[in-house]
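Undergrad: Residues per chain are reported as follows:
2 protein chains.
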Amino acid sequence: MKTSIATVCLSGTLDEKLRASAAAGFDGVEIFEPDFVSSPLPPRDVAALAVDLGITLDLYQPFRDFEGVSEEKLRHNLRRARAKFDLMNRLGIDTMLLCSNVGTAVSSDDALAVDQLRRLGDVAADNGVRVAYEALAWGRFVADYEHAARIVRSVDHPAVGHCLDSFHILSRGWDPVAIETIPADKIFFVQMADAPGLTMDLLSWSRHHRVFPGEGAFDLADFMGHLLRSGYDGPVSLEIFNDTFRRTDPFRTAIDAMRSLEWLQELASEALDRDGSEGAHMRVEPLPEMDPPVGFNFVEIRAEDGQRDRVRTTLYQLGFDDGGSHRTKPVELWAQGGARVVINNGDATAGAPAVAALGFDVADTHAAAERAARLLAPPVPREEGAGDEPLLGVRAPDSSEVFFGRIGAAGVPAWVAEFENAPVPAADSLVTRVDHVNLAQSWEYFDAAVLFCTSVLGLDPQPSLDVAAPTGLVRSQVMSAPGGAVRLVLNLAPAENVANPVQAQHVAFASTDAVAAAKRARQRGLSFLPIGDNYYDDLDSRFDLDPAFLEQLRELQLMYDRDERGEFLHFYTESLGSVFFEIVERRRGYAGYGATNAPVRLAAQHTRRAGLS
Amino acid sequence: MKTSIATVCLSGTLDEKLRASAAAGFDGVEIFEPDFVSSPLPPRDVAALAVDLGITLDLYQPFRDFEGVSEEKLRHNLRRARAKFDLMNRLGIDTMLLCSNVGTAVSSDDALAVDQLRRLGDVAADNGVRVAYEALAWGRFVADYEHAARIVRSVDHPAVGHCLDSFHILSRGWDPVAIETIPADKIFFVQMADAPGLTMDLLSWSRHHRVFPGEGAFDLADFMGHLLRSGYDGPVSLEIFNDTFRRTDPFRTAIDAMRSLEWLQELASEALDRDGSEGAHMRVEPLPEMDPPVGFNFVEIRAEDGQRDRVRTTLYQLGFDDGGSHRTKPVELWAQGGARVVINNGDATAGAPAVAALGFDVADTHAAAERAARLLAPPVPREEGAGDEPLLGVRAPDSSEVFFGRIGAAGVPAWVAEFENAPVPAADSLVTRVDHVNLAQSWEYFDAAVLFCTSVLGLDPQPSLDVAAPTGLVRSQVMSAPGGAVRLVLNLAPAENVANPVQAQHVAFASTDAVAAAKRARQRGLSFLPIGDNYYDDLDSRFDLDPAFLEQLRELQLMYDRDERGEFLHFYTESLGSVFFEIVERRRGYAGYGATNAPVRLAAQHTRRAGLS
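Chains as they are written, first to last, in UniProt numbering: chain E, 1 to 613; chain U, 1 to 613.
If you're looking for bench data, these hints aren't it; they were derived computationally from the structure.
Only a predicted model underlies this, so the values are computations on that prediction, with no experimental measurement involved.
Every residue, glycine too, gets a C-beta built ideally from N, C-alpha and C.
Don't take each hint at face value.
Unchecked claim - Listed next, with one range per pair, are the computed distances between beta-carbon atoms:
1. U:V424 <-> E:R79: 48 to 54 Å
2. E:D110 <-> U:F543: 25 to 31 Å
3. U:G173 <-> E:R150: 32 to 38 Å
4. U:D222 <-> E:T199: 50 to 56 Å
5. U:D546 <-> E:V123: 20 to 26 Å
6. U:N89 <-> E:Q552: 23 to 29 Å
7. E:D185 <-> U:G483: 54 to 60 Å
8. U:A23 <-> E:P379: 37 to 43 Å
9. U:P196 <-> E:P390: 53 to 59 Å
10. U:G173 <-> E:S70: 31 to 37 Å
11. U:E270 <-> E:V123: 57 to 63 Å
12. E:G306 <-> U:R172: 57 to 63 Å
13. E:D110 <-> U:E270: 49 to 55 Å
Can you build the whole structure from these sequences, using the hints too?
TA: This is the structure we're talking about:
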């Protein structure tokens, strides 16, 4: 599959955009006209740069408001087109995107559009180029790709074909099945865009909120299936208008973009598998297959000297056993049931405690690592002592490390034996495993983090929600493996609150008995996050709780929630640097995270911080 | 008019929200339940704090999903309500907001809702409180305030009345005229919200994008008129869900909020004037009237020692005359036609050149200053020498200074005579006046800046637009006086590009002949912002320009635009610190700002900066 990307997806100058696209491995780019117009590079230099970088210039775009106009306007439009065709020849671009008329069309008569497009086709052919006509979702008279297909069929000119854009088709809810009826040689270009499921005007949705495939809600697998069945084998290109991508490092964004196309190729490959081999001309190299992880292998906390004792003490208070030090590496293990926390002692200047790495249990660690590499995740170099269990790691967009490991036959990873007191999981542990991990994400790479979880880790995004903190709304995006075997929560705190960040990184341990865990923790002197009486009074009014039970919750500073299936009991430790811990008990299949309690927790943390400062 | 504000409008803890509301001069607050539930303050402490701060607690809100439910659910809901009524008694709040049912209503039968609300009224009356029923715009069966009015009329219970919220009425396009038919003693509470004209789902629009009155697109003057004609004289309160206000300094946001209500009172007062005096019971104290400014009085540039010569040289190159130094103050004047630039030499550490103050020509400087003070604009202290023309100044939300001055009979402000070479405007000046000034705004106070311009300066917001810079989109909001006598452009650059800010501050001078001005500037050695050939080639394709004219534009690095009325020629200087200058020529009533050229200019500036760094 030939990959391409529109320069409008990336920040920077035209020069920077081309370099970033090439560095990420794209085969070609679409030149978005305003990027060229505002560039100091003359056409020949742009063409030469593309050759130097080993990329093709696949499309010049967009040309607007051409067809369905008065004869006088048409003459002006043909003059405009001639100038652009001439420019395309100097740039070495053979295809121009023509959007269906939004502003100047005066007639809904298809015959007029057909006639005018045919005349444009003649001019294009004279200049050795071709025109890819695209039905904009908000086109004045032509908004539906099937309508555009009827027009192109009537134009019947070798220099006039289609550009198909998944956004313009799926945003309007058109069925993409009719793509299969368009002759493959009339599909000149294909643009892929994903988008979150927003209810807003099409233009704003399109211009500000598009995301890379895998970061939104469109069914692009289905779209790709229809495209492949049409026989199309041209470029699959990304045209993503996104306010965030416009201002982030273009080299990083381009890698995220390339990852999305690799993932899209996997969808295409799956579509082919379901369908026979007719689309084999797409030359899709399938990614190594990987089942989603079945659990957390470990959580690694890094902290500087002098800050680690607080972590150790808190883990002890939560019931964890000291598994001792690694035989060769400066790390120590704390374990309880199937929950394992590794404290890294190797960096004396690591700062306050923070989650530095997550390990995931997968069936085939090498397939997972190879898949991650194909998806452009940078590997994490790791020294292994003789006989150490190999752990393969990659770096996530938030710079945390992700390792792939395996649970051995004994129910523990083989690497546990490398620690001096290798702990054996007790059957009666109050904590059984890691329930979920919340990681704070920067505004810059939030969408990239979603795609990383989807494509590299095989996790599925759940509906996101906003949680109110005293310093702003926190967007919370759960990514989960089937059955909740792994739950990763990506928290996007308000971008600008740099001076007063929301503490959003935490590790929640699943318990069979949160009440007993809280009692033990209190006995061991744990400093609980304090929850006020107003919360418990409100709880009572909402849930008609048994007075003795309510009193126990209040006494132990436990929080409570209920859904249609079951109940949720949980409590929090005080923050230790950038991280805190939570104990959760899910009764009878409760599936949530106590979202209504999150604002109370965030306010309590805010008050504690303010009190400390 | 009694003013109130919901705690959800502000960031911080409940304690901080109450203090900020009181500090801004609000009479009362609405307690947003989640703010109370997550507060460590017990009810008696909240009540005592309100007394200490001299504010009343006017409303407890919201109570949800009460009516139209099964009998079993109703019993639970009445228990919930009793708990809240008891809490309200402890807080000293006598009114609870009840939103129309969104989630649990099972019947659309009004009779059921009427019966259940009457039972709620009985419980409320027993507890000495009352319930203000509000039709949420997205209520399941009750979404229209007139529908709610029919229900409340049928309930016919002294403890059951209305809450009217301008958002829920205007967002759906309901006509607010029927407010006049609601008995005034049945309107228990009124919430005012403005909102930008967005096309999106109501819930997202309401929860994220509300703004203070005067910052959005709703016709709140009309709304207030109907409200006053109803005879309502209770609190007028702000309930603004806004992602930005949730994370900015609550003390500053509260002042912005209070300003919006002062301005709303002026609208109310105007409504009264048009309508006779029936609403006089609102005790509206009218703001001092002020006509919009008729021009810029001056622009003040501040720069540190060693950076001012670049400003002087550039002004000379643009044709300005050196008006010499002030007789007592460390400032110097540069003038051309009716354009006056004051360079402030008083701060040796002021940093790079930047616009520090703007002077506006107004008919009555004292009325303008008094009005600004009533609108909570902090005064700028200013020393005046004996015999100096007094200039009254206030500080804008972006911390720049705003002065009110007058143009004397001679066509120049009287203060010009205080400079050693007091310049006389030449009839043949190429520059005639300040055309517009662009000021960069932080994300935190952008909406506040719009309201400041509207309420304090009497400028009208024009449709805003997004301009693409290489580092992100810049939102550009023109605020203008009638006929373009004053044009202020508020530019909101991407919030997070702290490391690479978009240079958005500039002063544009109106010229009668941009070509001649450019030639003179070149002769005098001006360093123009370079514009590339690609721009001129594109210009040609778009506008069919006369080749000689195009060549002149290219030769002089002039930019060009055209609208339905006329033409626009303009050019830019290189940036001097945070500011640059522009010369603009508007031919035959061109009304825009060359928006299509802005991305080209921003890219050229980006390239220059990158080259320099």
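Undergrad: Which hint numbers does the structure go against, in order from smallest to largest?
TA: 4, 8
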